[in-house]
Structure formats: C-alpha cells, structure tokens
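Assemble chain G onto chain H, guided by the hints.
Chains as they are written, first to last, in my numbering: chain H, 1 to 168; chain G, 1 to 501.
The set of hints was computed from the structure by calculation and includes no laboratory data. Hints are not guaranteed to be accurate.
Sample of chain G residues facing chain H (criterion: CB under 10 Å; computed from the structure) [unchecked claim]: (1) F50; (2) A220; (3) R386; (4) L452; (5) A488.
The beta-carbon is built from N, C-alpha and C at its ideal position, and this holds for glycine as well.
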Amino acid sequence: MNSDRRRDLAAALVFLTIWLGMVLYLIPQGVAVPGSIKVAALSPDFWPRLVAYGAIAASVFLLVETLTMQQPHLDEEEAEDAAQYQLATLPATLRILVLVAALFAFYASLTTLGVVAASVVLIFAMMLFFGERKLWLVALLSVALPVLLYLFFRYVASVPIPLGIFEN
Amino acid sequence: MDIILEAFSVFLSWQNLLVVGIGVAIGTVIGAIPGMTTPMGVALALPFTFTMSPVTGILLLLGVYKGGLYGGSITAILIKTPGTPAASCTVLDGYPLSQKGDARKALDIALYASCTADLISNLSLILFAGVLASFALRFGPPEFFTLIVFSLTIIAGVSGPSLAKGILSACFGLMLATIGLDLVYGTERFIFGDYRLMAGLNFIPVLIGLFALPEIIDRAARRARPGGLRSQNLGIGATLADYLKVLKSTIRGSIFGVILGAIPGIGGAPAAFLSYSEARRNSKNPEKFGKGEIEGVAAAEAGNNGVAGATMIPLLALGIPGDVITAVILGAFMIHGLRPGPILFEQNLPMIYALFMGILLSSAYLLLVGKVAIHFFSRVATVPNRILYPIVFVLCVYGAYAVNNNLFDVLVMLVMGLVGYGMLRLDMPVAPFLIAYVLGPLLEDNFRQSLLIADGDNTIFFRNAICITFWILTCLSLFVLIRSRIQAARTGKASVLTTGG
Numbered sequence: 001m002n003s004d005r006r007r008d009l010a011a012a013l014v015f016l017t018i019w020l021g022m023v024l025y026l027i028p029q030g031v032a033v034p035g036s037i038k039v040a041a042l043s044p045d046f047w048p049r050l051v052a053y054g055a056i057a058a059s060v061f062l063l064v065e066t067l068t069m070q071q072p073h074l075d076e077e078e079a080e081d082a083a084q085y086q087l088a089t090l091p092a093t094l095r096i097l098v099l100v101a102a103l104f105a106f107y108a109s110l111t112t113l114g115v116v117a118a119s120v121v122l123i124f125a126m127m128l129f130f131g132e133r134k135l136w137l138v139a140l141l142s143v144a145l146p147v148l149l150y151l152f153f154r155y156v157a158s159v160p161i162p163l164g165i166f167e168n
Numbered sequence: 001m002d003i004i005l006e007a008f009s010v011f012l013s014w015q016n017l018l019v020v021g022i023g024v025a026i027g028t029v030i031g032a033i034p035g036m037t038t039p040m041g042v043a044l045a046l047p048f049t050f051t052m053s054p055v056t057g058i059l060l061l062l063g064v065y066k067g068g069l070y071g072g073s074i075t076a077i078l079i080k081t082p083g084t085p086a087a088s089c090t091v092l093d094g095y096p097l098s099q100k101g102d103a104r105k106a107l108d109i110a111l112y113a114s115c116t117a118d119l120i121s122n123l124s125l126i127l128f129a130g131v132l133a134s135f136a137l138r139f140g141p142p143e144f145f146t147l148i149v150f151s152l153t154i155i156a157g158v159s160g161p162s163l164a165k166g167i168l169s170a171c172f173g174l175m176l177a178t179i180g181l182d183l184v185y186g187t188e189r190f191i192f193g194d195y196r197l198m199a200g201l202n203f204i205p206v207l208i209g210l211f212a213l214p215e216i217i218d219r220a221a222r223r224a225r226p227g228g229l230r231s232q233n234l235g236i237g238a239t240l241a242d243y244l245k246v247l248k249s250t251i252r253g254s255i256f257g258v259i260l261g262a263i264p265g266i267g268g269a270p271a272a273f274l275s276y277s278e279a280r281r282n283s284k285n286p287e288k289f290g291k292g293e294i295e296g297v298a299a300a301e302a303g304n305n306g307v308a309g310a311t312m313i314p315l316l317a318l319g320i321p322g323d324v325i326t327a328v329i330l331g332a333f334m335i336h337g338l339r340p341g342p343i344l345f346e347q348n349l350p351m352i353y354a355l356f357m358g359i360l361l362s363s364a365y366l367l368l369v370g371k372v373a374i375h376f377f378s379r380v381a382t383v384p385n386r387i388l389y390p391i392v393f394v395l396c397v398y399g400a401y402a403v404n405n406n407l408f409d410v411l412v413m414l415v416m417g418l419v420g421y422g423m424l425r426l427d428m429p430v431a432p433f434l435i436a437y438v439l440g441p442l443l444e445d446n447f448r449q450s451l452l453i454a455d456g457d458n459t460i461f462f463r464n465a466i467c468i469t470f471w472i473l474t475c476l477s478l479f480v481l482i483r484s485r486i487q488a489a490r491t492g493k494a495s496v497l498t499t500g501g
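This is chain H alone, in the form it adopts within the complex (with noise of 0.2 Å):
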C-alpha cells in the first residue's frame, strides 16, 4: 500500500469518527432547538443532521474508493519537482510546528503589542526563518510595510488599528 493510499484511508476513518460524532454529540448538545416544531425539516437542527448523513455517505465513498481504486498519479515531471524541494520528513514537521506557534503567538500579542508592532517582529522573524539574509532588506520591509498598511487603513479607509501599549 503506497504512502497516498494510506493517507487516505486514515483521512477517511477520520472524518467518519468526525461525521458521526457530530451526529452523536456536537448537534444534539450545540443545536438549541424549539419544544413544538410542526414540520421535521424545519427544525434547526434538522439541516446539519442532513448535511452530516451526506459527509458521512461520502466518508464511506473515500473509504470504498481508496481500497478499491488506483490513484491518479502526478506527472513524473510534477512528482519529481514536488520531491526536490521537500525537506526530510522530520525537519520538515519541526519548522511548520514552529511556525504555527509563531503565528498564534502572533495573535495571542496584538492585544497588548498592537497590529503594528507584532508585524514588525513578525515579518522580521519570518523573512530570516525562510532564509533570506539581507539584514538591512528584512529590517526596511519589516517596519515599511506594517507603518504604510497602518496609514493606509488609518487615513484613507478610516479603520482603527490597535496599537496596544503604544496607543498613546
């Protein structure tokens, strides 16, 4: 069993533990719906059960069709560019986990840093994390773009931007 097949098949099983909790558990306890409903189908609840039983028609379709049916490959020209540039599996893992920290991090700072100054960081981080190694680039485009953005909505779009601790 190539490594596509096996995605699939553990992607399938997955969203047919999703499906069927959401069926379960996530609409009977996150859908309020009224004491006297004169038609079934108007209640509230009764779209997303639809909208469930179909996911999970299709969850048992993915499974049927990754047991049953070869996939469609890449090109080989498209495989081989795919797999040139992909980083060892480990690696590869560490830097994208670093990365979504990094972000929510981001988020969990603009309240008290504001959308300016976490940009500033957050763009500068960034650059050198990809790999470029112009300082003096990464430091111009780093404090350029988030100080213009903040004009732009601030001036001309007349939205507020949070600054946080350095609102005043």
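The following block gives chain G in isolation, referenced to the frame of chain H:
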C-alpha cells in the same frame, strides 16, 4: 436609453477608469508570481474595496481577476514556471519558443490571444446574462435549491481527482455556514456560549485563511527554489500575420472558454487544455505542438482567458458563483448590501450596465498593461517567496482585521489557515469548501422556504420542469464524474476535467 445614460453616469468617474487599470496591473503581477494564485490576489485586494463604491470595488476585483489569468503566462513562457494552474498549458509551447529565442513572440501571441478571448467572453456575458436573469425570474425557492445542489455537485466533482473528497470538502463548508443563529427560529447553533459566533463566521477571514495561509505554512517545509529570470534575448515580437495565423484557434479556444466558464466549477485549466488539444487535432502540423508552436500558446491562452467573462454569467444572472474568484466577488457585492441575481437586474440595471462597461474596458487595459510592462512584471515575478510570503501574511492580518475591526477575525483566519493546510496535505480541494460556505445559508434558506410553502411535502422539489431538469443534470454529472474516476483508476491518470477549482 435612459438606463444606458444612467449607467454611463455611474461608470464615468476617474476612480472607475483608474481602478480597472490598477486591478489589471496588480492581477498581472500576482498571476506572474509563482506561489501566488489569482484567488489569493483577489482575496487580498478585497479589504481595500470596503470604502469604495460598489461598482468601483467590484471593478478593481474584476481587474485583478483578468490580469491574474493573463499574468500566469509570463513566467510560464520565460522560466517554465506557470504562475497559475491554467498557465501550465501555456508552458507546453511557450517555453520551447522562449528557448529558441522567440520569447517576445510567444509573449505577444499570449497577450493578443488573451485579449481577444477576454473580449469574446465579455461580449457573451453582456449578451447572455440578461437573458438568463429574465428566465431566472421564474425561479422560486425549490428551483433555486435544485440549481444550487446541481452547481455544488459539479464544483465538488471537478475540483480534484476524488469526488468523495470534493463532497466532503463541500460538507465541511456547509456545516461551518450553520454556525450562528438559526434563520427561522433564531435559536443558537454551535455557538457554545461564545457571543462572537452569534453572527456566524465572517466570509473574508475564512477565505483569506483558506487560500493564502496554507501556501505560507507549506513554505516552511520547503527549500528555497533557485533560479529566477536570466538575462536573455527575447527576440522580435509577433506580427499581424502571426496573429491572423492563430486567429481561428484563438476564437475556437475562446468559445470553449465561454462554454466551460459558464458552467459552475470548471474554470480556466480544463478550458486551456481542451482548447490546446483541439488546436493540435485541427492543425496541419500537429507534430510541431509541444516544440514551440505559436498556435499552441494562442489556443491555451484563449481557453484560459475565455472563462473570465463567462464565469460572471451565473454570478450576475443567478447569484451563483462558479469558482472561488466569483465567490469573492459575490462577497464584495454582499459587503455593499447587494445580492446578484435576477432581482438585481430588475432593481439596479444601471449598475449592472456600468459593470459591463468596466469589464469591456478591462480588455483594453489588459492589452495596454501587457504590452507596456512585460519586462517589468517578469522581473517582479522573480521576487523570492522568502520575502513575499511574510508580506502576504501581514496583508492577510490587516485584511482580516479590517472587515469588522475585530481581532477575533484574525484568529478565525489563522484557524482556517490550519484547516486549509490540512486539506492541502490530504489533497482535498478547498474550492468546494469555500463555495459551499458562501452558498450554504442560501441553500438552507431555499430548502426550508420550499418546505414551509409546501407544509413539509417533499414533492415540491419536483414541482415543475425546471426542478426536474436540475435533478436530471445533477444525476447526469454524478454519473459522468464517477465514470471518469473509474476510468482514471484504470489508466492511472486524472481526467482533464478534474484539474479545475
């Protein structure tokens, strides 16, 4: 006549004349940059339209759309790196021409074919949208419900190699759209006590998260690509004789583009490949295709650009977006409190005509921008992703925040970015997700209204020939999609139809 004069007064302002050109220029740059997609560009441009008038804002987005479709061909021809999926067909003959020292000729032919196809597509939009809208005035909730089911089926089916993944993607979109207060009873759905979810998730952070962030996250796991534009001899440009030689293939490709563009979900890439293979089949020298034949470049670009005006037909006439870009444009209409569809034609015809005028102008701008700036744009296209993506991320943050002046929308964008990245890794198409998310409330509303009218009787969904036709079309497309999937499993190659979205 009064309506046309009124439309002129709506359209003729320096802002409108300017934004179409700016949009085309931005779109061309974005289309030319490998790693940036046209939907990404349109999504990033959307927050800048909030303060504009509806016509100006929508024309800016349309300019970006058209420029993006063309821009993909520049790097496809010069460095064999298509800026958009549809431009991968242009590579087949464009790059060999470039290698032979005829890059300028290939770029010129790509531009002329794009402009011709764009014009034909725009004229079809003007001719057919009104007719379709007046027909759609007969539609009630059951007809709209069946039409949306049909559109979503095709979009789910053709957006990726697996129909099941397409449907699952659409189901996630439909479910996400149910978050908020119930449309009929006003009761809570999936809010779990968080008041920020009461109005549902805003469309723009969802869109930006799904389309811009996954590429950026994925970049962290890749090596930097070497290369960039070498200084090369571009050769001489195309002559009138060259253009006339490829005119037949250009017009044929444009017609393919118009037909495929008007069907929800198909998009530019299948139109480009179909147009290319037909041009090769009808050519006196089919053996030259793939080795640097200008007719191949013209056919691919005509098919690709022929969809641009046509995708607006179902959007303007029925309110149904056929692809992600028209879904963003639908979002722009909604931000201004407007809903495309037959009612808009009845109540706001001057605005529609003003949009048509701007769309026609965009074809002329495309020619101008393409002619003047090929050199400049091809250099901008070589800006490395390590600089580009952090900039794009910050644009995403400002854009997501500016929708409601709310930091919660930035969180929504981040979470949707993770969802989009997961879908990218699982090879699941995101287009059905987003379009289902946009159409979800409309679909549910029409479903429940139909049952309310019929007092719960399901047969209302088969009440007339229109409903039955849409059901037959849905079944037929499911049959074709499943059959092509089985064939793909036998041959091991994905169907040409499943490259869109």
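**Report entry** List of violated hint numbers, smallest to largest
**Finding:** Those not satisfied: there are none.
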